[in-house]
Structure formats: structure tokens, C-alpha cells
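S.K.: Each chain is listed here by its residues.
There are 2 protein chains.
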Amino acid sequence: MAVYTEVTDEALAEFLSLYDIGTLTAFRGIAEGVENSNYALKTSEGDFILTLYEKRVNKEDLPYFLGLMEHLRAHGLPCPLPVRAKDGRNLKELAGKMAAITTFLPGVWPRHIKLAHCEPLGAALAKLHLAGEGFAMTRRNGLGPDSWSPLLAKSLPHADSVLGGLGAELQAWLAQIEADWPKDLPVGQIHADLFPDNVFFLEGQISGLIDFYFACTDILAYDIAVCLNAWCFENHAELNVTRSRAVLRGYQSVRKLSDSEINALPVLARGAAIRFLLTRLYDWLNTPEGALVTPKDPLDYYRRLRFHFAVSGAGAYGL
Amino acid sequence: MAVYTEVTDEALAEFLSLYDIGTLTAFRGIAEGVENSNYALKTSEGDFILTLYEKRVNKEDLPYFLGLMEHLRAHGLPCPLPVRAKDGRNLKELAGKMAAITTFLPGVWPRHIKLAHCEPLGAALAKLHLAGEGFAMTRRNGLGPDSWSPLLAKSLPHADSVLGGLGAELQAWLAQIEADWPKDLPVGQIHADLFPDNVFFLEGQISGLIDFYFACTDILAYDIAVCLNAWCFENHAELNVTRSRAVLRGYQSVRKLSDSEINALPVLARGAAIRFLLTRLYDWLNTPEGALVTPKDPLDYYRRLRFHFAVSGAGAYGL
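Residue numbers (full-length UniProt numbering), protein chains in the order written: chain X, 1 to 319; chain F, 1 to 319.
No wet-lab data here; the hints were simulated from the structure. Hints may be right or wrong, so weigh each one.
Unchecked claim - Not the full set, but computed from the structure, chain F residues with beta-carbon under 10 Å of chain X: (1) Glu-6; (2) Val-7; (3) Leu-24; (4) Thr-25; (5) Phe-27; (6) Tyr-39; (7) Asn-198; (8) Phe-200; (9) Phe-201; (10) Gln-205.
Unchecked claim - Computed footprint of chain F on chain X; a stretch qualifies when at least three of its residues, placed anywhere within it, have a C-beta under 8 Å from a C-beta of chain F: (11) 9 to 18; (12) 110 to 117.
Said to hold, decoys possible - Each computed DSBU-like pair below joins lysine-lysine, with the alpha-carbon atoms no more than 35 Å apart: (13) F:Lys-86 - X:Lys-97; (14) X:Lys-55 - F:Lys-55; (15) X:Lys-154 - F:Lys-296.
Cβ atoms here follow ideal geometry from the backbone N, Cα and C, with glycine treated the same way.
Could you build the full structure based on these sequences and the hints that come with them?
M.R.: In C-alpha cells:
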């Protein structure tokens, strides 16, 4: 929910004159996306999204994100297509921020996850992975395994204020995840944040995958582990195996998992759970009292992590 | 900037089935409007706005607001038209809130006010006043003169924390405004909150007036006074007379002001300034420290009020 940067009429008009997308007919801030300012832009040619990149996004990563979307779209994935300005560039400056226009995607993200969403989700994720092949750029996962220990260190002094013993438990769990982390799994371009609000559906089909601003080059199956955490839990504690089986079935209908990928699912799921637990814990401890935007409860992911540690093998996910 | 209520897919689908506006193609939260939850709704038939009324809006006022928009639109004003459901009603329930669908209006609200906006603004306001004639319902101005004293009383204990002596100064000013308040000016349906973010322009013309949720039945010229405050000041302290003259010229090109209305402009402008000063002061003193939404500085309207008290007659506004 976010519009952080106001754009004046003059600046907008000047910005749009750099593009060949018709004349402006409407411009409204969108209350979605937490990292950037997003506007719905309507012109005589159709609907677009204007994104201004705020300080949490590293400018140097923008060519990767925009290039990846362009590559994925060219390879058939329904993701936003960055629109190139008259000079051929897809990244410009507006109101003192880096800015891009992308195409508008129809669809609605599911507020209630249903089983019927899960197989299409898995298939779309596998398509994303295949479509990413051949993309020449790479980006290190800024929230990958080597970031978790420093992230935990920042929250450690106050972790037990959230739950008694949480700090020590997370240290022990993290040490085990780091020791078990797989080294030789297939790597490629991953979304790394494919939560329900980033997946649009229309009449039961996936109509759009959005928000590639955590995308990076990392273990493909880790992206599945993120989705199992984000889409398949009930009450944050219990895996709905019917759903996770559907995600995996959808995925494998497009890209077959190797035995090593399947065997790594539990540790990847633990890793994905601790990644979101750690960022939420940090936000929880560092959001001022009384802020109107309530940080997400980190314990939702603590419960998931506990589940993944009780699991003895990939069978628990329905394989 | 606001989406307070989440709408599930199922609830949305059921809600839309009550209307005859085509099939859903997109649904996004809008980051504008502070009182209600607003969504941009796109269907096979076009663009709409879905509004969920949050607790700051009194349910009993909704038939007035929606009825007024329908009346104004029928009389040629470019305001949102409430869409009637199949059963003929324009007000329904969704996600536990009262909800309405209105038509989408093109245009962009001016982030930078320019002289060229002011004459069309004045003319549009007068058209609103004329279009409101014949509307049978009335609504008391909940933020009218009789609300100001109780509102000030709530902020008085802490007013001086904002500016030394502010409390006593406001008490004295308010007493004078109350004593001078005009009794016999023409009354009708007024917008009462026609700030720049409620006025859309397209190619120099007004394409839409929105957000009628402060509308009420009150002194017509008070609406002009609100606009003079909202559109014609520079640095919150200096009236730009060229702009205020343009607003008044635009207004009078459609509806001629009487001598009594003209003579009352200074006290009406003082009243409008103290109304926004008092609500902002209250929000300022009652917004928790560190909240992500910064309340607006009440002193912006203190400076305007000071200007209006230094004025000896309507000539100061360019008449």
C-alpha cells in the first residue's frame, strides 16, 4: 500500500512526452506494493503502470529487473512488459527517482487461497524458470542464505521480547539450515517472492505474475519452497498437503524436478521460512509504536519453520 | 491513501453478480481518499470505482451522498454516477461494510496549482450549486460553525504545544467568527471539501469533481471560501489575488453573487480556514508518534486565518 513520491502534472507531462504511448487520460496512485510508488496510468492507447523506485530498491539492480521482465515476457510469461521510451530506454528519471512504465495486466490476486489456484501457480512458476533460461544477467540473492546470519544478529538482542527463547532457537535452527544447505542444485532466474498478491487470476487461469523486485539468480527449487510457505499453510502452522501436492504437480507438469531437488525440499522450505521470519522479525522490532501500517507477525513464519523442522522428507509435501 | 477493508474474491464475485456491469477483469486498491476504501474496478464494460464506507462516514448519510451525486450528474455535473444494482439500489453491503459502485472519471488532479486551473474551478463550483437546486434531501454540515467550538475545546489543553498562545488566539478568533457569521445568505447543496485532489483536469478542462463525502446543505458562498483557502494561497500565508479573482470570475460567469454574499466573503473565508485548522489541529494532537501517515500541519491554516483577519473587505479577494 504505497505512494511515497508525488508526481507533479508538469513532471508527468514531460516524462510522458519521452514515450510514444498516446495522451494521458488518468493517473491514480495504487495502494499495493510496499517497496515502490505505483500509479495506474491511463492513456489514449490503454492502461499502464508507472513505478517510481524508492530507496529500498538498489538502483544498480534495476536493469536486471527490467531486463528480466522483458526477457520473460518475450518467452511467453504473462509478466509486465517494461515500455521503452522513444530513445529505446526502459528506465528514466521522474520526480528525482528512477522510474519505469510497464504494461497493465488484467486479473485479481486471490485474497482467499483455494486448491484450484495451486496447480496453475506451480505450472506458472516452472514456466518462469524455463523462460528465464538464456537471460544473460545475474543478480545475487540479497536475502539468500549468507544474509540470514547477519539479519538474525540485528534482531537477536530483542528477539525474546517476541517469544521467550526465540533468539536461541533461531540461532540453532539457522546453524542447521546453513550446514544442510544444498550446493549443487540447478540455479536460474527466480522470482523469490511469489506470494498471492503477486499472482493475478482471471476465470481460473493465471493472467499475470508481477513484482519482480526480489528476483535474483538462485536455486530454482528454492522458489518452490517460497510458494509452499506462502500458499499452502492453514493457520500458519499446518501444511495443507493437498495444496502443496497440487503446486508440485503443476510445477512438474512443466519442469520435472530431479531427485536431488526433491530431497532438498525440506531444507529449502526451512530456508524460505526463516528468510521471511527474519525480515518480518526485523520489521516487527523496528516499526515505531502506533505506526498506521502494522508489521506482519513474525510468528506466522515461526510456526511454519517449526513444521518444516518436524518433517523427515519430501513426502511430507505430497511427493 | 487508503485501503482499509480487504475484499475476498468470493465476496467480490457475489457482489458483482448483483450488478449488470459485465465480467470482472481487474481490481486494484487506490491510494487516494482518506475516509474510505477505494478500488479501481475494471470489467468487460469499462472502468468503475468501488467504495467501501469506513467508520468515519455515517451510514445514515449515504443515501444523501449517493442521491446528490446522481442528481448532480443528471443535471450535467461531471461527478461520479452511482451505479444501480439489478434491484435498482445504489447502496449494498460488501465485506461487512456499506458499499457502492460509481462510474470512473478521466483526468488528473493538479499537484501544482496554476492560474489556469482557477477560473474553470470557480465555474465548476457554481455549476455544482445550480445543479444542486431541486435536490430534495438535506444534510446538516457536521463540520459547520456550531461544531467549531466543541472541536476547539477538545484540542485546547494541548494547543499551545503546537504554538505558544495558540489556544487563546483561536478562542478569541472563533468568538469573533461566530458573532459575525452571516444568517441570511443563499443556502443549497455544497461540496464543502473541494480541494485540488478532488478536481480532475484533462487538457485544461475540468473532467471530474469527486469525493462528495463532506457534502451538505449550507451557505453556497461558504463553498467559495473553502476554495479560496485551498487553491489560492502561496506558502500558506499569502493570498495570490490573481488566482482568487479568477476563481470568483469563473464562479460569477455561471452564478452571480449577491452583495450580501460578496460582503460576507471575509468572514466566510475565516470560517473555512478555522474549520480546516481545527480538524488538522485535532488530528495533529491525536496521531500517534511515528505513524507512517504524517498529519497535515495545522499551522498552514493558522497562517491563512491570520491573513483573513487582516482583510477589511471582499476587495482583498480581487472583487
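S.K.: Are the hints correct? Go through all of them and say.
M.R.: Going down the list of hints, with the structure as the test:
| no. | hint | result |
| --- | --- | --- |
| 1 | Glu-6 | 6 Å, holds |
| 2 | Val-7 | 7 Å, holds |
| 3 | Leu-24 | 7 Å, holds |
| 4 | Thr-25 | 5 Å, holds |
| 5 | Phe-27 | 5 Å, holds |
| 6 | Tyr-39 | 9 Å, holds |
| 7 | Asn-198 | 13 Å, violated |
| 8 | Phe-200 | 8 Å, holds |
| 9 | Phe-201 | 8 Å, holds |
| 10 | Gln-205 | 12 Å, violated |
| 11 | 9 to 18 | holds (count 3) |
| 12 | 110 to 117 | holds (count 3) |
| 13 | F:Lys-86 - X:Lys-97 | 46 Å, violated |
| 14 | X:Lys-55 - F:Lys-55 | 34 Å, holds |
| 15 | X:Lys-154 - F:Lys-296 | 34 Å, holds |
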